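In case you want the letters, here they are:
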Amino acid sequence: MQISMTPHLSRRQILQRGSLGFGALAFSALSRGSMAEQAAHTDLQPRAPHKAAPAKAVIFMMQNGGPGQMELFDPKPDLDKFDGKIYSEKVEMFQPGSEGNRLLASPLTFRPYGESGMAMSTVIPHLGACADDICLVRSMYNYHNNHTESLVAINTGKIFQGRPALGSWVSYALGTENQNLPGYIVLRDPDGYNTSGTLLWQNGFMPSLYRGTEVSTRGTPVLNLHPSRPDLPAVKRDNLDLLALLNRRHQHGYEYETALDARIRNYELAARMQLAAGETLDIQGESKVTRDLYGLDDPMTAGYGLRCLMARRLVEAGVRFVQVFPPVKPQSQPWDSHNNVKDQNEKICARCDRGSGALIQDLKQRGLLDSTIVIWTGEFGRLPVSQNGKGRDHNRNAFSLVLAGGGFKRGHIHGATDEVGYKSVEQPVSVADLHATVLHQLGLDHQKLTFMHHGRPETLTDAVVTNARVVRDIIA
Amino acid sequence: MHACVPAPLRPRVEGNRGERESMMNRFLPVVVCWCFAVAAGGWASADDKVDYLTQIKPVLAAKCYSCHGVLKQEAELRLETRSLMLQGGESGEVIVPGEADKSLLVERITSEEGDRMPPPEEGGALKAEEIALIRTWIDQGAQSLQEQAPSDPREHWAFKQPVRADVPQVNDTEWALNPIDAFLAAGHQELGLVSVAPAEKHILLRRLYLDLIGLPPTRQQLHAFLKEDSTGAYESVVLDLLDSPQYGERWGRHWMDIWRYSDWYGLGKEVRYSQKHIWRWRDWIIESLNEDKPYNRMVVEMLAGDEVAPTDPGTLRATGFLVRNYFLFNRTTWLDDTVEHTSKAFLGLTMNCAKCHDHKYDPILQTDFYSMRAFFEPHQVRLDPVPGETDLDKDGLPRVFDADPDVPTYLFIRGNAKDPDKSRTIQPSVPGVLAFEGLHITPVSLSAEASNPALQPFVVEDHLREAEQAIESARDDVEMAKQQLAAAEQAASAIATTATREAEAPANSPVTVAEAEAALGIAETTLAAAELRPVALRTAHAADLAKADSSPPEMLPQLVSEAALAARKYEVAKAEKAVARTQQELTAADSETRTNAENELTTAQTNLEKARQQLAQPGEDYTSLRASLRAANGYGEYVAGEESRRGPFANVSTGRRTALANWIASRKNPLTARVAVNHIWLRHFGQPLVESVSDFGLRANKPAQHALLDWLAVEFMENNWSMKHLHRLIVTSRAYQLRSMLLGADESTKKADPQNQYYWRRRPLRMESQAIRDSLLHLAGVLDATVGGPSIAADKEDSVFRRSLYFTHSRDDRGRFVSMFDDADILSCYRRGESIIPQQALALANSKLALAMSRQITARLQQECGDATDEQFITIAFETVLQIQPTAEEAAACREMIEKTRAALAKSNHAQPVVRARENLVHALLNHNDFVTIR
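Which chain is which? The protein sequence lines are A and B, in order. Using the working numbering, the first residue of the first sequence is number 1, and each one after it goes up by one. Using the working numbering, the first residue of the second sequence is number 1, and each one after it goes up by one.
I should point out that these hints are in silico values taken from the structure, not numbers from a laboratory. Do not take every clue at face value.
Which residues of chain A face chain B? A few of them, derived with a C-beta cut under 7 Å, are [said to hold, decoys possible]: (1) S88; (2) S208; (3) T220; (4) P227; (5) P230; (6) V235; (7) R237; (8) L245; (9) L246; (10) Y254; (11) Y267; (12) A270; (13) Q361.
Short derived list, chain B residues pointing at chain A, Cβ under 8 Å [what the hints assert, rightly or not]: (14) F329; (15) M741; (16) P764; (17) D822; (18) A843; (19) N846; (20) K900; (21) L905; (22) N929.
Dumping the calculated DSSO-like pairs for lysine-lysine here, alpha-carbon to alpha-carbon at most 27 Å [what the hints assert, rightly or not]: (23) A:K236 / B:K907; (24) A:K423 / A:K364; (25) B:K201 / B:K160; (26) A:K448 / A:K409; (27) B:K227 / A:K448; (28) B:K160 / B:K702; (29) A:K423 / A:K390; (30) A:K90 / A:K342; (31) A:K90 / B:K422; (32) B:K848 / B:K796; (33) A:K342 / A:K329; (34) B:K668 / B:K293; (35) B:K482 / A:K51; (36) B:K668 / B:K72; (37) B:K127 / B:K49; (38) A:K90 / B:K418; (39) A:K329 / B:K796; (40) B:K668 / A:K236.
Bear in mind the structure is a predicted one, so any value in this text is a computation, not a measurement. Glycine residues also receive a C-beta, built at the ideal position from the N, C-alpha and C atoms.
Start from the sequences and build out the full structure, keeping to the hints where you can.
This is the structure in structure tokens:
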């Protein structure tokens, strides 16, 4: 037996019949009956935001490892001037190797990009080419110097594990447009997981409907999407028909049983997902120009580039939230340049820059950028002092963030770090502020978007504790 | 952290969330009505009449009660009722009806000085609109209805010891046999509820099997049971299943959920969470359940196994419960988890809510959180050796021990570990409301073997065995080196004598004579060193034993001398080996490396010289055997290496954890038995008696079945905390055996108790992820029944047919099949989720495992019932997979499908159309709703 599309419906019909999709899936903690705590949304039907807003979707390009702000986005002439000198402030180290506290000039060079003249590194020419569409925040900070805690924070709001990811909150709040695909999709390197793996797209205390679904850009896009042993088309239809009949027949005795009903429809949905996932992810129809734009024919850029292209296709198909992860080689946290900021940045930029820039450009030319928030960020930045000679250790106190589309300012630089890039000092933006602002651009009030958990109305930003606020200055 | 309650529970002003509100309203009436009220109220104008109950009280409750309420009366002030406000505190009345401006309450909530209420460390200021409402209310006369002040929290039902109520007399004789039924039937009688009929025998049997052992009955077991008419048949199946080792596996997995089982994970080889070999704790759980170890004893062993049985490795395994919380990077996170989950798992207390401030609902002070932490403050984690293995990476026993009895516990101001209040050392104690008797903390002195596991006889034996093996292998190496040298010499002479006949020169010697000689030198010195190792080991062990032993000390000097002499000899041999090695390096050196090699040789020769001098005066130093490894205290210590973490360890344990464990395990503790009973009940019925299974605090309302819960808790304790006794009692109740089908159920009953709080019917359950996979394997007849052992790599779930609980289960590693079906969350899983997502349909329809098992099941059935007709096969398949017989309609549909499939396959020249068609049928049944459902 295998799942296939229901025989009576054409492809077009299936793709149009959103009402039968995730939205109709009546699953819930309620099906356990009794006093379930949460009786909020239990489907992914599209829902109106709190108020009208520019953005409808999010693409989050997570750059695990901590890209160095002074190498890429935040030029620091003082570092050149005082290269090798002992820094007056004793920096907060994470690993051994920076005890000397000696400043390290960036071995990379900057140049102005676009009409805005935004200064960025020469190793990211493709992101640089988008300068006039970018809102560059140079004054980010996070809460922890270890990768996992910091990654968990930038993805879920707090350093503690067990909370829902930003993508979970967004799909919980807004549902999704395409009822044949999951609302929150994760595109990771098919060769493996980045640091902290699946922890970064957890549903936490929300139902698993809101967990990020991994979609693979190689082989079968979704786990078990196709049977390991296919049947003849006529045969598989018979099988499915039989299953439907047995379950429906069974339903007579079990009226009111929402779980049974949901499980029957689950099979229909799985069948549609098979079709929709296949169609959405089939890039045969993409032009040579597009292939070149994303660097799909160059082995260096093909892997990450393909994930960026898929992200565009998924958003185009009505997926609410897509997360793109970087390569896992040469290391699972590819931006983590402890040993040599020059070599390590050059290597990873050669893989990631083209796709990142291409995605912004492609969204723009398709008219999707205005309604799509693009986030490009690491979990933290790096120290101004050298580690092991040529590297830099983690720095939670300052990093740079690239935003594009979704109603953010264009060609704009927000905030600043101190003279050596150690701390964000002007208009600092916390991770909670970022989350509040992203929700705001989606028409969601971060204090009103709540989920009851253990009797507490939880929010993504927990503004009472974090003082999260919407950063108005970066909104167009 | 995330579960804590924000100081200011702000009224939520909802936009387009009306529907959600109204749904939540059903579940959280109090919170929601506050929200609505303020939403509806908004800004109050002087004309609007402010309503105290909906507009004022919720604000005060959220902002003020935690310090000015029944739990705590700062400035002797309570604010919970109008009369309490008028009564006031140290500074007199706080409201003057009709005159907001003269009211102290308004003054303090609007103050911009340091005396603003609530104080900043307790929460944010009131909002302007909230203050406006309070002003208006006071100006309007501060009216309210007469209210009772909240009562003392010690009166909370769950904080009072359970009392065994008399079993109610009920009219229905069917419901009078089992006390559980009597309690429930009394409720039915009172509310006029009509229960459904008992389930059919085949459904009941499947329910029982899946519930007690996590596997469905075989067709043979089904038929045997259906044939059996005697009244005791059901009970005898119950007893058999509870006696089966698979009971411990099934219920072990449940308790692993609650006790947060997790295999170690980290980065590469770096252990960051939990510990290696933690599966030994899992095996302890399984074994303890199978032998029906009293639950309270299990609690004691998990929290303090190292103190109550310091030299019993079987018991030490239990402390995996604590070991599991190990976290390399942050001791406070580690202890926070320990406190939080010890409290939640055993007591149903949310102690974690009091880390940064006093608990907002329960009588738990912030100090109480740190007093709880103090029980665990001295404890640490280590790996001890196990017989037969000297490499702790390969095997070992993870356990806890008190590493440092003197480390103080401080309260962290606002929960900030960087801001400890060092003015006061916090002592271990339990929250006042639960201090039913004094704590007795008695230090436990540990035997030498307990504080230094290297002294255990098996350790030296294992090392000696290893040393003997090293000698053997060194001998072989010498032999080989000799042969190589001979071959090299032969080759050299052959070349010399037949220099003109180069073509025939033997090419079988890749090394020169000099190289071969150097290699032989290494081999011989290695052997010499290896041969001295056993004596060094033996004498060192003897000396260590003598030092640790209290036996007559006169032998000690001699033993120490012998050990020192053996050690010096061994060191000389090792130094000789080093010289031989550096000599070889010099032989092989080229012009570039020669100088370096020469220097190294010189160093080695100097070292040898030193070693020889020391041999002349051996002294008293020797190298003791080390066999344990304490987990690193932070990353720095991890990087520094293992040397400082090898023991021996403190020879006294503080006894703190034993005291805590005894308090939890006490017959007088009002929470322990209730919480455990509730967990067990939940897993039998799919719905708990107390909804918030990990929170029995003040927010947990008295449950509908309070008398039953208490009766069971007392029954449990009085039967030596026997879980099997409880299981037996529950599964033999009539309530347990009811139908899950609602067809024909009494309409008014459905309306009166839709949530089934009175258990008038059975709730169908989705199997847990592990039960689904295990059942597939079991039906296919491939399930490997081996119990226990090291965790199996998660990616082998398709190829190794052990039960699912034996596979690695950590944050980073878990089976992909099982993770589709709401697998246990390692961070917290007091209750499994039951989601329905399309990936589950895909997993059962398309995964390698499901397809392979449907083939396997079919093959097995074909073999068992060789020449069955389609009709017979259909019945057999139904009975095997679903334990039901097909209706005529179902059978006809299946027959039609088989025929069509067979025809289609035959037409396309498929090799085995008959088998394949039947496989497809079996596979369809595995996708049937009732395969994953426990009816």
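Hints not upheld, ascending by number: Result: hints 1, 3, 5, 7, 13, 24, 25, 27, 35, 40 break, sorted rising.
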